[in-house]
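Asker: Now for the letters of each chain:
Protein chains: 2
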Amino acid sequence: MKNWKADLDFEVPAGFRWAAASGSIKKPGRLDVGLFTADTTATAAATFTQNDFRAAPVLVSQQTLQETGSRISGVVVNSGCANAATGAEGSANASSMAATAQNASGREAPLLVCSTGTIGVQLPMDRVTPAIADAAAKLSGSREAFNEFAQSILTTDTCEKIAWASFVADGKTVRILGCAKGSGMMYPRMATLLAFVATDADIAPDLLRKSFSNAVELSLNCMTIDGDTSTNDTAIILASGKSGANVTAGSDTLRLFDQKLLEVMQSLARQLARDGEGATKLIEINVQGAADFTAARHIGREIANSNLVKTAIYGRDANWGRICCAIGNAGAGVDTAKVQIKLGDIVLFKENAPLPLDEEAALKVLSEEFIPIEARVGSGPGSATVWTCDLTDKYIEINGSYRT
Amino acid sequence: MKNWKADLDFEVPAGFRWAAASGSIKKPGRLDVGLFTADTTATAAATFTQNDFRAAPVLVSQQTLQETGSRISGVVVNSGCANAATGAEGSANASSMAATAQNASGREAPLLVCSTGTIGVQLPMDRVTPAIADAAAKLSGSREAFNEFAQSILTTDTCEKIAWASFVADGKTVRILGCAKGSGMMYPRMATLLAFVATDADIAPDLLRKSFSNAVELSLNCMTIDGDTSTNDTAIILASGKSGANVTAGSDTLRLFDQKLLEVMQSLARQLARDGEGATKLIEINVQGAADFTAARHIGREIANSNLVKTAIYGRDANWGRICCAIGNAGAGVDTAKVQIKLGDIVLFKENAPLPLDEEAALKVLSEEFIPIEARVGSGPGSATVWTCDLTDKYIEINGSYRT
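Protein chains in written order, with this note's numbering: chain H, 828 to 1231; chain G, 828 to 1231.
Certain hints may be false.
A pair holds if it fits inside one copy or across any two, identical chains being indistinguishable in the list.
What the hints assert, rightly or not - Below 27 Å or equal to it, Euclidean Cα-Cα: the simulated DSS-like pairs (lysine-lysine) are:
1) Lys-1177 with Lys-853
2) Lys-1221 with Lys-1191
3) Lys-1069 with Lys-1087
4) Lys-1191 with Lys-832
5) Lys-1221 with Lys-1069
FYI, nobody ran anything at the bench for these hints, they're computed from the structure.
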């Protein structure tokens, strides 16, 4: 799918408020503290990083979810400091952020907490704490408030990532609205950097968890920017129930909900990949004919994580040999005689031999902002779509000087 | 170890000749066809790529080794074209190169064949065949001939990689002389791009195979430039026996041979990493306290393959959080409280918390050409040293325009 722009024409689900303020963590005066609350306690589901160095806010949020049985009243988040690898002081700061947010917003149930930014630096709590109070004072269910929240979570991102969908069940409109951030250190293996979704569906915790996990698996977990899984990856959905539409196991409403949630999450995944650090192109890799989805995605990730494939696409070079090389590196035992590689509609390689390359046609495809690649790797039933971006000198510039 | 310069002060092992010629594959007139022969049939051992897309010369050489019981008279090699993903025509061309080389050099036993360069392009056999004959006509056991051979195998490399060692056993001098190439698409998982070693030790095929595999495992297989394993990776050693020194199982001579061979191979590995595409620094990552060597190397590779670690070092930024992140991504279940990270002699992180960073001291270490990093990940007995290089805008420039 080609769309990778933030959908700014969204409707806000019932029962939520957002706000953002500045703790001057990133730069003086920039929005870097966000608050996302449910008017009454909501049902939550979340997925977190698999990195052994899980950040303090990840550990705190996981514990909160367990203790509350996933009944949560919101999320407080800061950008500019990851609060990861920060020891006991970091843990205390993460708990303090959640407590401050709960008190300031007067909510009954606890809030989850997220951080993103530089690893190994302590939070400036003397500025974070008042900023949380500032945000709580202006919580609002308006579109502007949501937009500010979506801005406040960004780091090296160049734009907000926003996606939404709605459907009608039993005459009631259900809305799903999400935003995300992440531009580098992006290789979500169980979740992505930060993604927040609000829905007014009325859905039980177990069902929400299952729906959200499935959607994350086919969206954020099919995306990579640079193969590095962050210490802070967190994706959270809160369901307020305020639409009045009941989503129950086995129902048509659940099928609709799952479909629309997947649309929202895949849109966020594309927006994230397109805005990868220094990126100029969105690359969509569709793998067909693998043993199963997992095998297909593994091969897709191997292609998507190849610096050589990514630099070739940046250079508008139809160097498909590098795609062969990446496929061969997946360790999937691919029968090379069955491999077929397409760039847009152009078949580059099949039956173990190169085809005459129409350089002009290839250059035309590679000059677009959206680069579709299809890799057929056998005759199995497994397929997967993986999104990534090109690798440019701008990525080196950003990451050679991020902290300094 | 700090040394990563080619050792040009080498001695040539007895019983070998080298030569190079131009087939104008890379650029008109540049040396790109090399010949490396044993005066009488030699004992060979080799390791090859694990990529599913093994190149035609890899498949041909593997078959030759099997058919001859590793009794080989040399190697013919070209650079500028990988002869990979080239179908039946490519296979015929690889076999033809080996046959031409055997005829032209008048050798009794077959030669192995190697290629390196762009994937998916057919060899210009009308130029390659006469170039092999040119090379055969000037085969010589001189140092100059070896130097020319070492040059002829280069692609995006900026310099030759040469290492040698010798020892005396029973009053006889044994020499081990190797050269290698490889600058991008470098993540040797069973061998490296191309490495050729000659020794005049007298050693049986099984013993040579074991010694060489061990040495490759601790040298080329501990090195990565960009995490891409090439389709053509090949490392070959030929033993002429002409020193008269017999290397037998369980002997002190074997222990000496293994030690010196490892020195040569690790020197080549460091030279390769330092000359990675666009690199300005050699990074040595020493992992301590893992469960075993394999686990330690896996963590070392995860750090070495992190674009974020590599760009930070390029930017002389002591961003050790990215090293934590990479360690956590290895999936080794590391206990983060036991992790300690050092840059040179500076402890950056221990006991789950950052230490006050002396930025000036860190900048001093990071301004050197050789960057030593130590990661202690637990209290296990496993350790490993992995070599890589920094990731720079020059890498993007080289790979955004390699084929065009």
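Asker: Tell me, please, which holds for Lys-1069 and Lys-1087 at an alpha-carbon limit of 27 Å: within, between, both or neither?
Answerer: Answer is within: at 17 Å inside a copy they meet the 27 Å cutoff, but 74 Å across does not.
Asker: How would you label the pair Lys-1177, Lys-853 (within, between, both, or neither) given a Cα cut-off of 27 Å?
Answerer: between (50 Å within a copy, 26 Å between copies)
Asker: At most 27 Å between C-alpha atoms: does Lys-1191 with Lys-832 qualify within a copy, between copies, both, or neither?
Answerer: Close inside one copy (22 Å), not across copies (44 Å); limit 27 Å.
Asker: Under a CA distance limit of 27 Å, which applies to Lys-1221 and Lys-1191: within one copy, between copies, both, or neither?
Answerer: Classified as both; 23 Å inside a copy, 25 Å across copies.
Asker: How would you label the pair Lys-1221, Lys-1069 (within, between, both, or neither) given a Cα cut-off of 27 Å?
Answerer: neither (44 Å within a copy, 55 Å between copies)
In this structure, the one hint that does not hold is number 5.
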